[in-house]
Amino acid sequence: MIVYLLTLVLFSLGIYCVVRKRNVIKLIVGIMIMEYAVNLFFILVAYRMKGRAPIFSPDAEIVNMVDPLPQALVLTAIVIGLATTALLVGIAMKIYEKYHTFDITKIRELRG
Amino acid sequence: MIPVSADIIPLFVAVPLAGAFLNSLIGKKVKWLPDVIGNLTTLAVLVLSVISVRLVTEYGTLVYSVGGWKPPVGIGMVLDGLTAFMLVTVNLVAFFVAVFSVNYMEKYTSKQKFYTLFLLMLAGMNGVIATGDMFNLFVFLEIASVASYALVAFGTEKHELEAAFKYAVMSTVGSLFVLLGIVLLYSYTSTLNMADMARVFAQKGTGDITLMVSVLFIMGFGLKAALVPFHAWLPDAHPSAPAPISAMLSGVLIKSLGIYVLCRIFYSVIGITPAVASIFLFLGALSMVIGVFLAIGQWDLKRLLAYHSISQIGYVVLGIGLGTPLGILGGLFHLFNHSMFKSLLFLNSGAVEYSTGTRDLQKMGGLAKRMPVTGATNFVASMSIAGIPPFNGFWSKLIIIIAAVQAGRYGYAFWAVLASLLTLASFMKVMKYGFFDRLKERWGRIEEVPFFMKLSMVALALICIFGGVLLLGGINQVFLDRATAVLLRGTQYAAIVFKGS
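Same order as they appear, the protein sequences are chains A and B. This note's numbering applies: residue 1 is where the first sequence begins, and numbers increase by one. This note's numbering applies: residue 1 is where the second sequence begins, and numbers increase by one.
Worth flagging that the hints you see were computed from the coordinates, not collected in a lab. Owing to the predicted nature of the structure, the values given are computational and were not obtained by experimental measurement. Don't be surprised by glycine CBs; every beta carbon is placed ideally from N, CA and C. Any given hint could turn out to be false.
Unchecked claim - If you want the footprint, here are the derived chain B segments under chain A, 3+ residues with CB under 8 Å:
1. 155 to 162
2. 177 to 188
What the hints assert, rightly or not - Okay, the calculated beta carbon distance ranges per label pair:
3. L44(A) / V66(B): 24 to 30 Å
4. P229(B) / I78(A): 29 to 35 Å
5. S278(B) / E61(A): 25 to 31 Å
6. V63(A) / S278(B): 46 to 52 Å
Work out the full structure, taking the sequences as your base and the hints as a guide.
Below, the structure written as structure tokens:
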């Protein structure tokens with residue numbers, strides 16, 4: 001049970017980081033933390049108590065295996081997260097080139 | 001002549017992906033190649049989507065099992081009335097936008113990169129529409145979103161980067177909520193296939209977890225659709241993108257990633273409840289009114305249009321939230337119409353920017369004299385969005401308002417009428433300051449835009465003028481009615497998909 005709660009804490013930390021932090025890089029880190037929390041939760045959903053790895057072999061009988069599907073899905077989610085993070089970091093670098101700051105309170109030319 | 005086969009469905013993803021791949025591979029060698037690849041690809045997908053309408057009329061729902069794995073095991077792609085309707089809308093806009101870009105994107109550095117990202121975004125959108133699998137939907141959603149972040153930042157100037165960063169952060173958080181919702185759905189139903197999920201819901205009943213999932217999905221997809229409490233990114237992101245991309249984002253991206261998915265999940269998979277329907281109604285009315293109030297005060301032409309997107313999306317959600325056959329018909333018809341006139345308006349703003357280099361309404365004036373085609377098409381689009389007969393926007397707004405009155409929702413009908421009047425007022429402002437006023441001296445020497453830009457604007461304007469035809473008996477039956485029927489059938493979706501596969 002405590003693992004689930006810790007995942008929730010991690011997710012909330014990520015949201016806190018995205019909402020409260022002013023630094024562009026810290027925002028990106030916050031998003032990554034949220035992403036990891038969701039991925040961890042997905043793996044936990046698939047876990048069975050005292051389950052074994054989902055490896056199929058002809059001689060072993062299949063009892064109490066963890067659900068293998070979310071693991072495959074999480075791999076995909078991680079790759080998507082990588083693409084998003086890379087793009088965000090790329091944009092952040094360009095922002096630094098133009099604005100010479102990472103402080104989002106100073107990067108505010110669009111309003112209205 | 002047309003083979004009865006579901007093999008057409010994966011092509012909607014495969015063709016744009018192949019186009020993007022070819023473009024990034026060989027597009028750099030020859031200067032005109034990216035244009036040709038981009039336009040041919042979008043044309044091919046457009047033709048395919050028209051064929052898909054025909055297929056749906058003849059054979060009903062078609063299901064393609066990716067890799068030969070039958071549902072519920074494998075990933076299914078489903079082609080039904082709603083899918084065909086959305087595919088036509090998306091690909092029609094995409095084709096005209098691609099035509100427009102031939103001339104417009106000259107002023108940017110790399111057409112090859114532009115068309116590559118554009119086709120990736122198109123592939124993502126078509127995938128979201130055609131897929132019948134929950135996680136697959138998330139993957140396509142992210143493909144389209146990531147491509148759109150990059151496209152918003154395409155100019156790589158100060159404002160573009162700022163808008164793109166804001167958009168990317170908010171949209172990524174939205175996607176994470178969606179993913180969390182999908183995780184919870186999976187944990188409850190132990191399946192990812194949408195039809196199978198609907199079947200499990202029918203057997204197990206919708207537990208408490210559905211409430212949580214509904215909230216997460218309304219937040220996540222509402223953010224993609226820019227419904228009002230989640231709209232903050234849109235007025236920055238849409239104006240900052242290059243004009244053709246603004247047209248794509250406002251015209252179809254917010255609809256295919258937001259509205260379509262909301263409809264599909266809440267009507268076909270979970271099953272609509274009165275609570276969710278009233279949330280739709282409330283959010284729709286809120287977006288409709290707040291969007292138009294924020295729009296009236298704007299002087300930046302593209303920013304004004306972006307706020308109107310929020311407002312018009314409100315109409316679509318309002319219509320769909322009513323849940324009556326007429327309401328859904330009106331909502332979907334308005335979705336189609338909004339795609340047409342809003343992309344036309346953004347293309348107009350792009351044409352103005354191309355010729356004059358400004359988007360500020362106070363600096364324009366009398367442009368219709370020097371740019372007759374842009375002025376005329378902009379007039380058509382403005383009248384359509386304001387709901388003046390006989391343009392297409394009038395018919396869909398009329399249907400939505402009649403449906404609201406019929407359903408006894410007089411308050412919502414009143415807000416819809418009010419928002420429509422305010423829309424008219426704000427487009428009067430655009431026409432007066434931008435196009436009809438006295439020609440300012442500094443614009444005395446500007447020229448009308450090149451051929452391809454004119455071509456796509458005129459074509460879209462013609463669709464706006466004759467859009468009402470879609471309501472006529474025969475055409476309505478094959479196009480709009482089928483889409484409406486899909487939503488009205490609700491969770492029978494499961495049985496139909498399993499029969500089709």
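Now the hints, each set against the structure:
1. 155 to 162: It holds, with 6 qualifying residues against the three required.
2. 177 to 188: Check passed, 5 qualifying residues.
3. L44(A) / V66(B): 24 to 30 Å: Holds, since L44(A) and V66(B) (Cβ atoms, about 28 Å apart) stay within the stated range.
4. P229(B) / I78(A): 29 to 35 Å: 30 Å, holds
5. S278(B) / E61(A): 25 to 31 Å: Given a distance of about 52 Å, which is not inside 25 to 31 Å, the answer is violated.
6. V63(A) / S278(B): 46 to 52 Å: Holds - the Cβ-Cβ distance for V63(A) and S278(B), about 47 Å, lies within 46 to 52 Å.
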